[in-house]
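S.K.: Keeping their order, the protein sequence lines are chains A and B.
Position 486 of the first sequence, counting from 1, maps to 486 under the working numbering, and the rest follow consecutively.
Position 47 of the second sequence, counting from 1, maps to 47 under the working numbering, and the rest follow consecutively.
Please note: incorrect hints may appear among the correct ones.
Within a straight-line C-alpha distance of at most 27 Å, the following computed DSSO-like cross-link-like pairs (lysine-lysine) qualify [what the hints assert, rightly or not]:
(1) B:34 to A:397
(2) B:34 to A:646
(3) B:93 to A:369
(4) A:588 to B:93
(5) B:24 to A:369
(6) B:34 to A:369
(7) A:369 to A:448
(8) A:268 to B:93
Computed from the model, here is a short list of chain A residues facing chain B with C-beta under 10 Å [to be verified]:
(9) 366
(10) 369
(11) 371
Chain B is nowhere near these chain A residues, computed Cβ spacing over 12 Å in every case [unchecked claim]:
(12) 204
(13) 310
(14) 326
(15) 328
(16) 331
(17) 336
(18) 343
(19) 522
(20) 587
Worth flagging that the hints you see were computed from the coordinates, not collected in a lab.
Here a beta-carbon is modelled for each residue, glycine too, at the ideal position from N, C-alpha and C.
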Amino acid sequence: MRAGLLDLDAWGGILTTFGQTMKVAVALTDSAGHVLGKCHNAQAVWTLIRDAAHDWTGCSFCISTGVPCTAVAEALRVGAVISVRDEAGLTHVAVPLLLGNQQLGAIIAGQVFDRYPDPLQLQRVAKEFGVSSQQLWDLSRKQRPVTSAVLQTSADLLCALGKAFLQQRYGAILEASLADTNGHFRLLVDGVRDHALFTIDTTGRVTGWNAGAERMFGYVESEIVGQNFSCIFTPEDIQNHVPERHLNKASQSGRIEDEGWRIRGNQKQFWADVNITSLLDDAGPIRGFAIIVQDVTERRKLVTVMEEARQERARVQERLLSHVSHELRTPLTAIYLFTTNVLDGLLGDLNSEQHGHLSLAVDNVKQLKSMVSDLLDITRVETNKLTVELQQVLLAKLLADVLNTCKTNASSKKISLHSNVAFDLPFVWADPARLRQILINLIDNGIKFTPEGGTVTVESRPFAEDNKFLCISVSDTGCGISPENYEMVFERLAQVKNGTQAGRSGLGLGLFISRDLVSRQGGRIWVESQLGRGSTFYLTLPVFSLARLCAHVFTAANLEAGFVTLIAVDVVWVEGTVQADIVPEIRKILERCIHPGEDMVLSSLGGAEPVETFFIIACTDANGFSVIAKRISRELQDFDNTSRLKPVISSTTLLVPPDQSRDEQIGGVMETIEELIRKHLVGKKKLK
Amino acid sequence: MTGKKILIIDDDRHLLLGLAARLKGSGYEVVCAKDGTAGINLARQELPDLVILDLGMPGEDGFRVLERMREVACLSAIPVIVLTARAPADNEKRALDSGAVAFFQKPTSNHQFLSAIRQTLGETIALSTFLRT
Chain A
1 MRAGLLDLDA WGGILTTFGQ TMKVAVALTD SAGHVLGKCH NAQAVWTLIR
51 DAAHDWTGCS FCISTGVPCT AVAEALRVGA VISVRDEAGL THVAVPLLLG
101 NQQLGAIIAG QVFDRYPDPL QLQRVAKEFG VSSQQLWDLS RKQRPVTSAV
151 LQTSADLLCA LGKAFLQQRY GAILEASLAD TNGHFRLLVD GVRDHALFTI
201 DTTGRVTGWN AGAERMFGYV ESEIVGQNFS CIFTPEDIQN HVPERHLNKA
251 SQSGRIEDEG WRIRGNQKQF WADVNITSLL DDAGPIRGFA IIVQDVTERR
301 KLVTVMEEAR QERARVQERL LSHVSHELRT PLTAIYLFTT NVLDGLLGDL
351 NSEQHGHLSL AVDNVKQLKS MVSDLLDITR VETNKLTVEL QQVLLAKLLA
401 DVLNTCKTNA SSKKISLHSN VAFDLPFVWA DPARLRQILI NLIDNGIKFT
451 PEGGTVTVES RPFAEDNKFL CISVSDTGCG ISPENYEMVF ERLAQVKNGT
501 QAGRSGLGLG LFISRDLVSR QGGRIWVESQ LGRGSTFYLT LPVFSLARLC
551 AHVFTAANLE AGFVTLIAVD VVWVEGTVQA DIVPEIRKIL ERCIHPGEDM
601 VLSSLGGAEP VETFFIIACT DANGFSVIAK RISRELQDFD NTSRLKPVIS
651 STTLLVPPDQ SRDEQIGGVM ETIEELIRKH LVGKKKLK
Chain B
1 MTGKKILIID DDRHLLLGLA ARLKGSGYEV VCAKDGTAGI NLARQELPDL
51 VILDLGMPGE DGFRVLERMR EVACLSAIPV IVLTARAPAD NEKRALDSGA
101 VAFFQKPTSN HQFLSAIRQT LGETIALSTF LRT
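Turn these sequences into a full structure, and let the hints guide you.
M.R.: Put into structure tokens, the structure is as follows:
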């Protein structure tokens, strides 16, 4: 073991900064794969697993059960980067540190998803480590998969960094300049060629400047040190206090990332990827900031060009499909009309065989019709244009409506349709039209794959694993799905072939679209089944929570200001009924009148025509309210030049108690706000 | 017979044939036009109680027909139901704004379509409730 040869102090800072820049976890290990010193590994998925398994003994970068990770040993043996995928689907790489034949150790980096994680695999890992599979799923979904090319680049950079370190270390190990950590930093960062690395003090004055920075910005160290780093910002950014804001944010949250225009010494602009990390002394105040800048102008150009090409292709595809769908609908309509005309006896009586055959024809027309609709949805899944508009939804009401729609289909196949839905369930936060589409698809599937005389049951209850979700299940007594197909049924163009199920199963797009739609609503969908006994599809949906919806409003800074104002805007429709299409327009207007990102607009939380109520949660006091109120009145007046609507604006300002923890503050404020909203709506209903 | 007269304007002659048979079967008198211009002329002549209108047609399209019907006094009060293969996302709002009372995308179920017709013709109540759902 050569641990002593690796200077942990010098490496710790560099690797952490590297990890933060590349958004990967990173650590230094000895040649046996043991992590040396602290590693940067704040990846949420891994933290969850590690915290759950108290006696963690495995590789610090692997979520694997019973199998030791051999990445480090393998990398040292072959002298090249080795990449490994663990059981949770996370990929990490081991970069060998070799000095001649001497195995010094390795850098492990990664813990990224290189593709969409497999829900079943995650479920298995969650079970193994005793963590909530919903939580694990949520975390992994948030972690955007990177392509293996990105991981490879990251590994290449680490190799370069490793080489630079080894050269510097063994070329200049005895130099006295290594005495202070800044010296370490200098030696290391000068080895990095295509990134600008520099340090500033808390006031923004440059304190260190590497060769990469010199090349990128065109300032030599002697002229820039002592200057304010704002000279690399555009005049507009300086005017808008962007440099100060960045430092404030970096002080608060430890680090920030930004992409934007920066200026070289010759006044030429380039598009920069910037990371600012605050430098802390042990438990002390902030010493300054380390800044890493990468010139990504070319990448940005490429991304723009690719994005334009992608959008153009998507537009062409959508135009084509919308045309095809239109052209298919016309003959389909004629077929439907002629067959139903004959079937309904408009052209004379039919014998039972004729009737039976024509009924089948109509069933097929209906199937074709839903396929045509799916065709358009599928392009939207692929162009990321399938949108959901979330609102609070009363599940019991929606399910009753869905069951009513599916009733005919079920009874024509002599299948009994049961539902078991509690009426006291909380609201869910979902898109009612899309939820309807998903449920109808699941129920119709259940009916399709269940033999005559079977049952399809729809149930809804709080999700046992996580009370922030409701769970809906659709069970059938059909042929079932074998475990190896649990995941496959959700894939595009899935066609599970099975001897017991006759007939076609549509385009096989329904579940694929449903999965996308459920996921966009913050839930997940999966299936459990027993061959020959039936299948149960489960889907979870987030429970509507005002507190969660408003969480981003209550930042530390906003709470510190000490005021929160609840503004109620009752828009009275002078001419009677609320026009549904105007509501989103008004919402947009209100959003223009507030501070975006700080305040937020809520749509009416319970209708009482002819009044539509919007609530605004604003982090401001009574003075701030009057400014917002004036703006709202003016903008609504401009919008509604025919005076069909009349806004009535009222407010209540709450004081945030200063001597409480943030959670207590938010809890207290939310409780009061919910109470105020309830009272306001009740009052309004009475007025009506 | 309900005695009510319905004009169908659609460039697909199979649709005209099939829908006319269905509507006649439900007791309506039916007249048909195969494009917008002919539709307007026939509307003036026949003064139907209801118009069923396609959007995509050669010559004067459905939107133009809606526009012209609003301009002519004797036609402006006749309710129009749009029945088109076009997607509601891009056309429903525009059609309703132009004066149509309901929008259906082809193919639509006979049951729903006939309910809408009956409600539009005042044969049942609560059209507004129906259209809002």
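S.K.: Each of the hints needs a verdict: does it hold here or not?
M.R.: Against the structure, the hints come out as follows:
1. B:34 to A:397: violated, 43 Å
2. B:34 to A:646: With a Cα-Cα distance of about 46 Å, the restraint between residue 34 (chain B) and residue 646 (chain A) is violated, given a limit of 27 Å.
3. B:93 to A:369: holds, 22 Å
4. A:588 to B:93: Measuring from Cα to Cα gives roughly 18 Å; hence the hint holds.
5. B:24 to A:369: Judged against 27 Å, a Cα distance of about 25 Å means the pair holds.
6. B:34 to A:369: Holds. Residue 34 (chain B) to residue 369 (chain A) sits at ~25 Å (cutoff 27 Å).
7. A:369 to A:448: holds, 16 Å
8. A:268 to B:93: Since the Cα atoms of residue 268 (chain A) and residue 93 (chain B) sit roughly 49 Å apart, the hinted pair is violated (cutoff 27 Å).
9. 366: holds, 9 Å
10. 369: holds, 6 Å
11. 371: violated, 12 Å
12. 204: At about 50 Å from chain B, residue 204 (chain A) clears the 12 Å cut-off, so the statement holds.
13. 310: Label holds. Min Cβ-Cβ 22 Å, cutoff 12 Å.
14. 326: About 5 Å separates residue 326 (chain A) from the closest Cβ of chain B, which leaves it inside 12 Å; violated.
15. 328: violated, 8 Å
16. 331: Contrary to the label, residue 331 (chain A) does not stay out of reach of chain B, its closest Cβ about 8 Å off (not over 12 Å).
17. 336: Per Cβ check, residue 336 (chain A) is inside 12 Å of chain B; nearest 5 Å; violated.
18. 343: Residue 343 (chain A) is in fact no farther than 12 Å from some Cβ atom of chain B, at 10 Å.
19. 522: Non-interface label stands for residue 522 (chain A): nearest chain B Cβ at 24 Å, farther than 12 Å.
20. 587: holds, 17 Å
Violated hints, listed in ascending order, are 1, 2, 8, 11, 14, 15, 16, 17, 18; each of the other numbered hints is respected by the structure.
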